[in-house]
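Asks: Chain residues, written in single-letter form:
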Amino acid sequence: MTKDKQEMWVFIECFKNGKPKNIGLELLNEATKITKEKNIRVVAIILGNNIIETTKYVIYAKAEKVIYINNKNLEIYNTEAYVTNFYNLIKNYNPQTILIGATSIGRDMAPRLSARLKTGLTADCTKIEIEELSDNIIWTRPTFGGNLMAQIVCLENRPQMGTIRAGVFKKAELNFSNKGTIIEALYILTNNKIKLIEEFLDNENEEINLEEAKIIVSAGLGIKNTKGVQLVKELASELNASLGASRAVVDSNLISRIHQIGQTGKTVSPKIYIACGISGAIQHLVGMKTSDKIIAINSDEDAPIFSIADYKIVGDIFEIIPELINKIKLSKKD
Amino acid sequence: MNILVCIKQVPNTDKIKIDNEKHTLIREGVESIINPFDAYALEFANRIKDNDKNTNITVISMGPDQAKKALTSALSLGADNAFLISDKKFRGSDTLATSYILSQSIKHLEKTHGQFDLILCGKQAIDGDTAQVGPEIAENLNYPQITYVREIDVLKNSFRIKRETDEGYQILEVPFKCLMTITKPSFDLRFPSLKMKMKAKKTIIETLDLSLLSNIDTNYIGLKGSPTKVKKTYVNEIIKQSISINGSPKEIANELFKIIEK
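As they're listed, the protein sequences go chains A and B. Residues are numbered in this note's numbering as their position in the first sequence, beginning at 1, plus a constant of 736. Residues are numbered in this note's numbering as their position in the second sequence, beginning at 1, plus a constant of 1.
In isolation and in its complexed conformation, chain A is listed as follows (with noise of 0.2 Å):
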């Protein structure tokens, strides 16, 4: 190994108690596979309080090199501290690509941190590969909301960044025998002009494994109201479902926004994914048309979620909903 390895570095998100959250894992298991043939190293970045077991699992799922600050105050994401951490790390190494969770974190610290650097960055990536006779990352990213697919490049700025979705790529299978070097870089102050007064959260560390579900039930707004969600709910615990949700339903406050399936939410490629009520805006579609088994129910008959659909069935899901129900249940007492 020379000490000139390039390197491909990875933002581990982790939760306030140190925890990596899979969005990480999943970019770490995809930056491994991408640069296979390449003589390109690959780093996990952790900033984080309590996060020095994080250090050795990330190993574990595939990192050769761990560079990780721990301090408190970096327990919970503010920009500042983050981005002047993180630009330190980078001034001193010269990676020559960083690959970043498009999070809601993700998102606030990678165009900031791009600006500092002036260097390109590729929002919301849904695909990543190497060129084949340079080192340039090839972006892959949904635009005009999600009509389009446009490809990327970023040629001579380095390091060349990207932000990408959560749930587009499987994490590694944990193997303990791995071995990598771990360096523990120094805490930065800076001066965070925002004081968080508040913080409330629908689910301490903890993530709804959308991403790795194996069927996703998903509302739509033909669910029409607190009856319909309960139904949904109901059918996904019969199921042993994740629940998804359309922007719709999210933003007439009947789902909360976790559970979110489309363009601004998260992406999704469960082995059956049953739409109840979903009508298939284009934003929807793009975040989970990877779904193996497509069923659709809807009243629509001309409902575009029926294009991708593998079954179709036109039809008023409060009175099929119950039935399936009924049927599950019956079926488990057998």
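Hints listed in this document are in silico derivations from the structure and should not be mistaken for laboratory results. Remember, it's a predicted structure, so these values are computed and weren't measured experimentally. Some hints could be false.
As the list claims (entries may be wrong) - With a straight-line cut-off of 16 Å between C-alpha atoms, the simulated EDC-like cross-links for lysine to aspartate or glutamate are:
| # | chain 1 | residue 1 | chain 2 | residue 2 |
| --- | --- | --- | --- | --- |
| 1 | B | Lys241 | A | Asp1028 |
| 2 | B | Lys263 | A | Asp1046 |
| 3 | A | Lys1065 | B | Glu262 |
| 4 | B | Lys241 | A | Asp1038 |
| 5 | A | Lys929 | B | Asp118 |
| 6 | A | Lys1063 | B | Asp118 |
| 7 | B | Lys232 | A | Asp871 |
| 8 | A | Lys1007 | B | Asp88 |
| 9 | B | Lys230 | A | Glu934 |
| 10 | B | Lys225 | A | Glu974 |
| 11 | B | Lys232 | A | Asp987 |
| 12 | B | Lys251 | A | Glu892 |
| 13 | B | Lys232 | A | Glu934 |
| 14 | A | Lys1029 | B | Glu262 |
| 15 | B | Lys163 | A | Glu934 |
| 16 | B | Lys185 | A | Asp987 |
| 17 | B | Lys108 | B | Glu256 |
| 18 | A | Lys854 | B | Asp218 |
To be verified - Per the computed footprint, the stretches of chain B lying under chain A, defined by three or more beta-carbons under 8 Å from a beta-carbon of chain A, are:
| # | stretch |
| --- | --- |
| 19 | 130-139 |
| 20 | 145-153 |
The beta carbon of each residue, even a glycine, is placed where N, CA and C say it ideally should be.
Since the structure of chain A is already known, use the hints to place chain B on it.
Replies: What follows is chain B alone, placed relative to chain A:
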């Protein structure tokens, strides 16, 4: 209070259809609108002004001459003055170059309008969907940034805001002279009055081009000054052959159960 709102004119992406034969987007006839999140940003500014008449709202937009239409509509909704940032050499700018041009324009405007206490942007534009320009402007101006803002309360020398996060929301306090990006709030947008519409139509919108923006270094703008380049675009086509399931709700449920069980 001195507020600046950045707006972008965008095609209504909800109305864009795909030409399945030519494999391209059909953009003809698609109306241009103010990016919805920018319209919310303007609404937040207007609400601050509703409570404090001593508020000045400046609106800027970077784009071709047609973008004046978006600025006129912003004026009719309550903005006090509007500037178009436009020059042939700005064409092809990526987010970094765009945010540089906007930041330098804001610095230029500060000479005549004073420093802005609050800069508002939409959280993202519905055509590009990058959500990058707001935070990049904040960095260039050395302003603190708060993204995904849903509520703003004005205190004496600071704002108390509610912002969305992936796991819930936060209440934060930030002093004046900051930049916020706005997500969809719980309230609706206002409509312009006929009187305001008439007034806005008569207001002359000044264009700031390179001859006026002498603080812009042309090495950092346009296609040449943009670190990222578009290599290729293609239409995102999704077509599937689907199987219809018909019958009574019970029959459908039985069929579905078989499919799920597999």
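Asks: Decide if the proposed pair is consistent with the structure: Lys251/B and Glu892/A, CA atoms, cutoff 16 Å inclusive.
Replies: Distance of about 62 Å is beyond 16 Å: violated.
Asks: Are Lys108/B and Glu256/B close enough, with their CA atoms no more than 16 Å apart?
Replies: Distance ~65 Å between Lys108/B and Glu256/B Cα, so the pair is violated.
Asks: CA of Lys241/B to CA of Asp1028/A, is that 16 Å or under?
Replies: Measuring from Cα to Cα gives roughly 12 Å; hence the hint holds.
Asks: Taking only the CA atoms, is the gap from Lys929/A to Asp118/B under or equal to 16 Å?
Replies: holds, 14 Å
Asks: With a cut-off of 8 Å between beta carbons, are at least three residues of the stretch 145-153 of chain B near chain A?
Replies: Held - the stretch 145-153 of chain B has 5 residues with a Cβ nearer than 8 Å to chain A, which meets the minimum of three.
Asks: Hint check: Lys185/B vs Asp987/A, CA-CA at most 16 Å. Holds or violated?
Replies: holds, 9 Å
Asks: Would you check the hint for Lys1007/A and Asp88/B, treating anything up to 16 Å between C-alpha atoms as holding?
Replies: violated, 50 Å
Asks: Holds or violated: Lys1063/A with Asp118/B, Cα cutoff 16 Å?
Replies: violated, 61 Å
Asks: So if I understand the rule, the pair passes when the alpha-carbon distance is 16 Å or less; does Lys1065/A with Glu262/B pass?
Replies: With Cα atoms ~13 Å apart, Lys1065/A and Glu262/B stay inside 16 Å; holds.
Asks: Within 16 Å, alpha carbon to alpha carbon, are Lys163/B and Glu934/A?
Replies: Measuring from Cα to Cα gives roughly 9 Å; hence the hint holds.
Asks: Is Lys854/A close enough to Asp218/B, meaning Cα to Cα at most 16 Å?
Replies: Cα-Cα ~14 Å, so holds.
Asks: Has the given pair, Lys232/B with Glu934/A, been kept, meaning a C-alpha gap of at most 16 Å?
Replies: violated, 44 Å
Checked against the numbered hints listed earlier, the structure breaks hints 6, 8, 9, 10, 11, 12, 13, 17; every other hint is satisfied.
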